[in-house]
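Colleague: Build the full structure now, drawing on both the sequences and the hints.
For the protein sequence lines, the chains are A and B, in the order given.
Position 506, counted from 1, in the first sequence is what my numbering calls 506; the numbers after and before it change by one each time, with no gaps.
Position 24, counted from 1, in the second sequence is what my numbering calls 24; the numbers after and before it change by one each time, with no gaps.
Any given hint could turn out to be false.
Straight-line Cα separation of at most 35 angstroms, DSBU-like style, residue types lysine-lysine; simulated pairs [as the list claims (entries may be wrong)]:
#1 B/K49 <-> A/K100
#2 B/K93 <-> A/K213
#3 A/K600 <-> B/K99
#4 A/K228 <-> A/K600
#5 A/K47 <-> B/K2
#6 A/K453 <-> B/K2
#7 A/K446 <-> A/K21
#8 A/K35 <-> B/K2
#9 A/K47 <-> A/K548
#10 B/K159 <-> A/K213
#11 B/K99 <-> A/K236
#12 B/K93 <-> A/K476
#13 B/K99 <-> A/K228
#14 B/K93 <-> A/K600
#15 B/K49 <-> A/K228
If you want the footprint, here are the derived chain B segments under chain A, 3+ residues with CB under 8 angstroms [as the list claims (entries may be wrong)]:
#16 76 to 85
#17 103 to 117
Hints listed in this document are in silico derivations from the structure and should not be mistaken for laboratory results.
Quantities reported herein were computed from a predicted structural model and do not represent experimental measurements.
From the three backbone atoms N, C-alpha and C, an ideal C-beta is built for every residue, glycine too.
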Amino acid sequence: MTLNGWLQIAFFLFLILAVTKPLGVFITRVFSREKTFLDPVLRPLEKLIYRTTGVNEEHEMAWTEYAVAMLLFSLVSMLLLYFIQRVQGFIPPSLFNPQKFGAVNPPHLAWNTAASFTTNTNWQAYSGETTMSYFTQMVGLAYHNFVSAATGIALAIAFIRGIARRQMKTIGNFWVDMVRASLWVLLPFCIVGALVLVSQGVVQNLRPYDTVKIVEPQQVPHLGADGKPAVGADGKPVMDTVTEQTIAQGPVASQEFIKEWGTNGGGFFNANSAHPFENPTPLTNLIQMFGIFAVSAGLTYTLGRMTGSPRHGWAVWGAMAVLFLAGVMVAYWAEAAGNPLLHGVNQQASALQPGGNMEGKEVRFGIANSALFATVTTDASCGAINSWHDSFTPLGGMVPLVNIMLSEVIFGGVGAGMYGMLIYVVLTVFIAGLMVGRTPEYLGKKIEGYEVKMAMLVALIFPLIILALTAISSVKPFGTWAIANAGPHGLSEILYAFTSATGNNGSAFGGLNANTAWYNISIGFATLGGRFLMIIPMLAIAGSLAEKKYVPPSVGTFPVTTPLFSVLLIGVILILGALTFFPALSLGPILEHLLMNAGKAF
Amino acid sequence: MKRNFVTAILMTVVTTILLGVIYPLVVTALAQVMFPAKANGQLLIRDGKLIGSRIIAQPFTGVGYFHPRGSAAGNGYDAVNSGGTNYGPTNQKLLDRVKQDVAAAQSENPGAPIPVDYITTSASGLDPDITPANAAFQSPRIARERGISAEQLRTLIEKHTDGRQFYLLGEARVNVLELNLELDSSYPMQKRASR
Chain A
1 MTLNGWLQIA
11 FFLFLILAVT
21 KPLGVFITRV
31 FSREKTFLDP
41 VLRPLEKLIY
51 RTTGVNEEHE
61 MAWTEYAVAM
71 LLFSLVSMLL
81 LYFIQRVQGF
91 IPPSLFNPQK
101 FGAVNPPHLA
111 WNTAASFTTN
121 TNWQAYSGET
131 TMSYFTQMVG
141 LAYHNFVSAA
151 TGIALAIAFI
161 RGIARRQMKT
171 IGNFWVDMVR
181 ASLWVLLPFC
191 IVGALVLVSQ
201 GVVQNLRPYD
211 TVKIVEPQQV
221 PHLGADGKPA
231 VGADGKPVMD
241 TVTEQTIAQG
251 PVASQEFIKE
261 WGTNGGGFFN
271 ANSAHPFENP
281 TPLTNLIQMF
291 GIFAVSAGLT
301 YTLGRMTGSP
311 RHGWAVWGAM
321 AVLFLAGVMV
331 AYWAEAAGNP
341 LLHGVNQQAS
351 ALQPGGNMEG
361 KEVRFGIANS
371 ALFATVTTDA
381 SCGAINSWHD
391 SFTPLGGMVP
401 LVNIMLSEVI
411 FGGVGAGMYG
421 MLIYVVLTVF
431 IAGLMVGRTP
441 EYLGKKIEGY
451 EVKMAMLVAL
461 IFPLIILALT
471 AISSVKPFGT
481 WAIANAGPHG
491 LSEILYAFTS
501 ATGNNGSAFG
511 GLNANTAWYN
521 ISIGFATLGG
531 RFLMIIPMLA
541 IAGSLAEKKY
551 VPPSVGTFPV
561 TTPLFSVLLI
571 GVILILGALT
581 FFPALSLGPI
591 LEHLLMNAGK
601 AF
Chain B
1 MKRNFVTAIL
11 MTVVTTILLG
21 VIYPLVVTAL
31 AQVMFPAKAN
41 GQLLIRDGKL
51 IGSRIIAQPF
61 TGVGYFHPRG
71 SAAGNGYDAV
81 NSGGTNYGPT
91 NQKLLDRVKQ
101 DVAAAQSENP
111 GAPIPVDYIT
121 TSASGLDPDI
131 TPANAAFQSP
141 RIARERGISA
151 EQLRTLIEKH
161 TDGRQFYLLG
171 EARVNVLELN
181 LELDSSYPMQ
191 KRASR
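Modeller: Rendered as structure tokens:
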């Protein structure tokens, strides 16, 4: 670990602190339908959208109608994405398919991708540059990066309205919230952000892949029909001369920025944000990490402002920041320590090298920025990666895994992190109420049996999906067949896959060969369950809170604006997460850590 | 319900046109006007031919060239198959590979500590950079093959070393392709007749 590494981490957190209030104020104005500086351009566009789609922007919805509208929109847009992938073969080269890619096959891969992008997961069982045309990337995938994020933001705003409103049956209009999230909170930032990324070297073009004459032609073993190096009649290996390199191109920057700003995480290329065309410089890396946290940090301020308790927003922010720092410290420490099984190698940090565990990492990011990125992308439900989590040390790789298991509430996905955190807040207030023996209240609303039942539903469905599917996959041949790393690491790969899918993260222990019927179908369902089975009880709580009377705070009310509340909130998050997942973790990364230090390999 | 269903269909169509078609095409047009070289991948041309991208690694194995980091992209440095090995830290395949590479490196530059990025593969398989430590480790071989002094080579490496961006961000790094191109133009390989 180096001083510079810690400075970079501190600087990053400082940027997030600085953006929280201005962005939070902006988001509040957008959803309270107050004036913003973007109105002269966006307001006419917004009205045009309502006119063509038949939306009455004055109409208010009960939580049930809000849920139905959201589900219908997700269903229709998911079917469209499936359809676009399956007809890709009919899309002519001139219509942004210069590599003439055929249909996305097999169908279960297209299903998995459709489910994954609709749910803001962006799990990728395909490799972008060999599977998806520019048309599919832009119209199908990048499009979902926008609307799945906008849907998440809309839901968080609906939940906050539920807390803020008194004796009302409605929590807003889904269509209006979704459109305003897209037009105000996402689109303008993406246009500017994408161009800044291009200025640093992120590509943005529609040209066919380029073929270049490499400087030094290479002799490589000729692979026979069986995929193994061929041997000639003289017993010597047959060699091919490689003189060219083909370089994948594409409209990357426009997809790149929304990939982070909307915490989607689906890479244009297979290597995601490790690819030099997606993330060419340390500055683009910082912008991307900033983009992942910005909206979610802003939403904590929006929470405080819309509920009339700004200090509550900061108390939630504080809990998130503490958990973030804890994660990044462990990950940075573990990765900087390196791999004790590599002998004769200098893994010490110095002025000339970052040292540490560099397998699956890029030189321009080194250790600090790889550990930081891995923490940020899993604190939020982003899932972009700039280094392979599978190649992290056991404890370094456990940090992203645990972050997702805590259901990504450390800033979290745009919107999803906020409503996920509010579920924990409800539980925290309930537990605090039990401790003092009073009916718990949250910002003037009584928390009663119904809310706690719904919150527990959310808290239980999540581990149920993860652990059940992991258990099946780790004992059945169709599951274990896909493991790339033997020993406890193999269990970690499967556990990570289902945790990532159900948490709607989308990052992976990439060694797992997940493009099989079993994994594509089961992971597709896990992403849908992890999103919609959480959202419905969450909206039910919002609807129920909105209908309640306001109870003025009394001396017995547990205040939710203090550091004590932040500490209690952190405690609830950690205890719930630890109790649920500790047994599985101890068989995976923890066991691997112990065996690695004992010198055991697999 | 029915009304929301109709809206869902219309909304999907309208937002797809705006966010899936107009947005990326507008960004593409602006990028091509404002930053054409960057937007097209910083392709390098020598003698009228495309010879690579400045920020995509290509293979070098000759003794007179700096070697990039190991690559698991396709069969190596395949820029349409980016990716890493995904070897876990306790994977025997990783340890065997490193053992073999360490032995080769030790015989090439005996006694010098081997920088970790020299024997590990990158995340993208297309990492254009090596660490300054890695460049220094390879220097004796290059100096010998090219018949140049250690001092000349050090100056050249420093010229192609990017420090931390704004003195803060990322890590110092040496661009392998640019360095090798300058080696070829300034210090062409000696005739091998003597060997």
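Colleague: State for each hint whether it applies.
Modeller: How the hints compare with the structure:
no.: 1; hint: B/K49 <-> A/K100; verdict: holds (25 angstroms)
no.: 2; hint: B/K93 <-> A/K213; verdict: holds (32 angstroms)
no.: 3; hint: A/K600 <-> B/K99; verdict: holds (15 angstroms)
no.: 4; hint: A/K228 <-> A/K600; verdict: holds (29 angstroms)
no.: 5; hint: A/K47 <-> B/K2; verdict: holds (22 angstroms)
no.: 6; hint: A/K453 <-> B/K2; verdict: holds (31 angstroms)
no.: 7; hint: A/K446 <-> A/K21; verdict: holds (28 angstroms)
no.: 8; hint: A/K35 <-> B/K2; verdict: holds (33 angstroms)
no.: 9; hint: A/K47 <-> A/K548; verdict: holds (33 angstroms)
no.: 10; hint: B/K159 <-> A/K213; verdict: holds (25 angstroms)
no.: 11; hint: B/K99 <-> A/K236; verdict: holds (25 angstroms)
no.: 12; hint: B/K93 <-> A/K476; verdict: holds (25 angstroms)
no.: 13; hint: B/K99 <-> A/K228; verdict: holds (23 angstroms)
no.: 14; hint: B/K93 <-> A/K600; verdict: holds (13 angstroms)
no.: 15; hint: B/K49 <-> A/K228; verdict: holds (33 angstroms)
no.: 16; hint: 76 to 85; verdict: holds (count 10)
no.: 17; hint: 103 to 117; verdict: holds (count 6)
Every hint from the earlier list agrees with this structure, and none is contradicted.
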